[in-house]
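Engineer: In case you want the letters, here they are:
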Amino acid sequence: MMINILLFADLQEKVGKDRLELEADSLSIIDLKEKLKNEYGLLQLDDVMTAINEEYALESDIVQSGDTVAFIPPVSGG
Amino acid sequence: MMINILLFADLQEKVGKDRLELEADSLSIIDLKEKLKNEYGLLQLDDVMTAINEEYALESDIVQSGDTVAFIPPVSGG
Amino acid sequence: MTDPLFEIVEDPIEVGAIIDKVKRREAGAITTFMGTVREWTKGKRTIYLKYQAYKPMAVKMLAKIGDEIEEKWPNTRIAITHRIGHLDISDIAVVIAVSSPHRKAAYEANEYAIERIKQIVPIWKKEHWEDGETWIGDQLETVSYPSGSPNIK
Amino acid sequence: MTDPLFEIVEDPIEVGAIIDKVKRREAGAITTFMGTVREWTKGKRTIYLKYQAYKPMAVKMLAKIGDEIEEKWPNTRIAITHRIGHLDISDIAVVIAVSSPHRKAAYEANEYAIERIKQIVPIWKKEHWEDGETWIGDQLETVSYPSGSPNIK
Chain A
1195 MMINILLFAD LQEKVGKDRL ELEADSLSII DLKEKLKNEY GLLQLDDVMT AINEEYALES
1255 DIVQSGDTVA FIPPVSGG
Chain B
1195 MMINILLFAD LQEKVGKDRL ELEADSLSII DLKEKLKNEY GLLQLDDVMT AINEEYALES
1255 DIVQSGDTVA FIPPVSGG
Chain C
73 MTDPLFEIVE DPIEVGAIID KVKRREAGAI TTFMGTVREW TKGKRTIYLK YQAYKPMAVK
133 MLAKIGDEIE EKWPNTRIAI THRIGHLDIS DIAVVIAVSS PHRKAAYEAN EYAIERIKQI
193 VPIWKKEHWE DGETWIGDQL ETVSYPSGSP NIK
Chain D
73 MTDPLFEIVE DPIEVGAIID KVKRREAGAI TTFMGTVREW TKGKRTIYLK YQAYKPMAVK
133 MLAKIGDEIE EKWPNTRIAI THRIGHLDIS DIAVVIAVSS PHRKAAYEAN EYAIERIKQI
193 VPIWKKEHWE DGETWIGDQL ETVSYPSGSP NIK
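Going line by line, the protein sequences match chains A, B, C and D.
The first sequence maps to residues 1195 to 1272 in the numbering used here.
The second sequence maps to residues 1195 to 1272 in the numbering used here.
The third sequence maps to residues 73 to 225 in the numbering used here.
The fourth sequence maps to residues 73 to 225 in the numbering used here.
What the hints contain is simulated information worked out from the structure, not anything from laboratory work.
Take these hints with a grain of salt, some might be off.
Straight-line alpha carbon distances no greater than 25 Å define the calculated BS3-like cross-link-like pairs of lysine-lysine that follow [to be verified]: (1) LYS144/C - LYS1227/A; (2) LYS176/C - LYS1211/A; (3) LYS176/C - LYS1208/A; (4) LYS95/D - LYS114/C; (5) LYS198/C - LYS176/D; (6) LYS136/D - LYS1211/B; (7) LYS122/C - LYS1208/A; (8) LYS144/C - LYS144/D; (9) LYS1208/B - LYS198/D; (10) LYS144/C - LYS122/D; (11) LYS1208/B - LYS1229/B.
Since the model is a prediction, treat every value here as computed from it, not as a measurement.
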């Protein structure tokens, strides 16, 4: 009953970890973001995209237990 | 009292040489082309550009003894 | 064994190896783009960079860009390698190679690829300036993007 | 000793060497174009090519293209090497490398260079087809050009 959460770039530095685990069955990305904003003060979550299992997802998409959620700050490769 | 003439590509094959020498003091490119058209049947000279001493020239430009004239068929590098 | 066309690596990129991946008898044109670490940006001096990637997803997104290109410019072939980790000035961060029968498509598809990399590939750059460090967001210099970017699919 | 930026050569071109000529600490982007010998053109099969050049003038015209680019896209650096003689399928006939602080100029200047090469650089290609041979004129596929082309200066 775990959701795996991956953090990158400034999010990773802010939290001090590159991954989190959340005990939950299912919730929307918007609710997940809200939860983490409260818990870790990650206000910049408003401006990041989200991927579920390595595919970009919408705010309204539902994360299930066992899924891997990655928060993707504005990218800057190239 | 010589004008050096360089030939390339199909012009070179048609004449069977890559250079000619012409005994002359000075003449316009248009006259030079006319001369060579008559002498070698190089009708395609109508469609080639001309360079005098490695710079593109106009039909009306004058070639002097000692100059090197090159006829430049449509190029196809790259 | 064929080398993968889309890769995230940690060692220096050898351009010739990326070019070799797209060479074909039907190609008349090959374009490459190399993104290199620039010393000066708007008056600020970079000492070095660090790139971080969400590696498996980054590879998937590079392959997705390849699919988009295949659809827009049929009969091109593309290979992309992005380097991550510590990069010094002039080091190559990314190489994009595109081959095509004719040159126009090779230029267009190549430029499209770098634009898309800067939109959808989860790679981040941390600039280590002379006077501090920052994670760089959004190289396209559009405003910071809204959640659920419409540009993804 | 610095290598010349504009060359006509008879041996295979090493792309990396051309790229090295334009690398700079202020560059954030390097583009290259390679023209390669294509096997099929409009249903006709090429066996090999021969390129001929008016060498000293060709080098001068390549340098002229460099000057034009310097004027249109300040702060780019460009190197061009064209090979002549016998070339087989997939061999590289020309390499153009352009470096620039930002990528847009690197793409634009590079494409400009190949267009200009096909207009003003005295190099000719003889196609050796499966069934004969022809000197190719005017790759731009415009009509054969009038004497004293207006495009020269």
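Engineer: Each of the hints needs a verdict: does it hold here or not?
Structural biologist: Hints, one by one, checked against the model:
Taking the CA atoms of LYS144/C and LYS1227/A, the gap is near 36 Å; set against the 25 Å cutoff, the hint is violated. Between LYS176/C and LYS1211/A the alpha-carbon distance is near 46 Å, which puts this suggested pair outside the 25 Å criterion. For the given pair, LYS176/C sits about 45 Å from LYS1208/A by alpha-carbon distance, which is inconsistent with the 25 Å threshold. Between LYS95/D and LYS114/C the CA atoms are separated by roughly 20 Å; this keeps the pair inside 25 Å, and the hint holds.
Of the supplied pair hints, the one linking LYS198/C and LYS176/D holds, its CA atoms being roughly 23 Å apart against a limit of 25 Å. Distance hint between LYS136/D and LYS1211/B is unfulfilled; the C-alpha atoms sit about 29 Å from each other, more than 25 Å. Pair hint LYS122/C plus LYS1208/A holds up; C-alpha atoms about 17 Å apart against a cutoff of 25 Å. Distance hint between LYS144/C and LYS144/D is unfulfilled; the C-alpha atoms sit about 30 Å from each other, more than 25 Å.
Restraint check for LYS1208/B and LYS198/D: the C-alpha separation of about 14 Å stays at or below 25 Å, so the hint holds. With a CA separation close to 33 Å, the supplied pair LYS144/C and LYS122/D exceeds the 25 Å bound. The suggested pairing of LYS1208/B with LYS1229/B holds, with an alpha-carbon distance near 16 Å, which does not exceed 25 Å.
The structure fails to meet hints 1, 2, 3, 6, 8, 10 from the earlier list, while all remaining hints are met.
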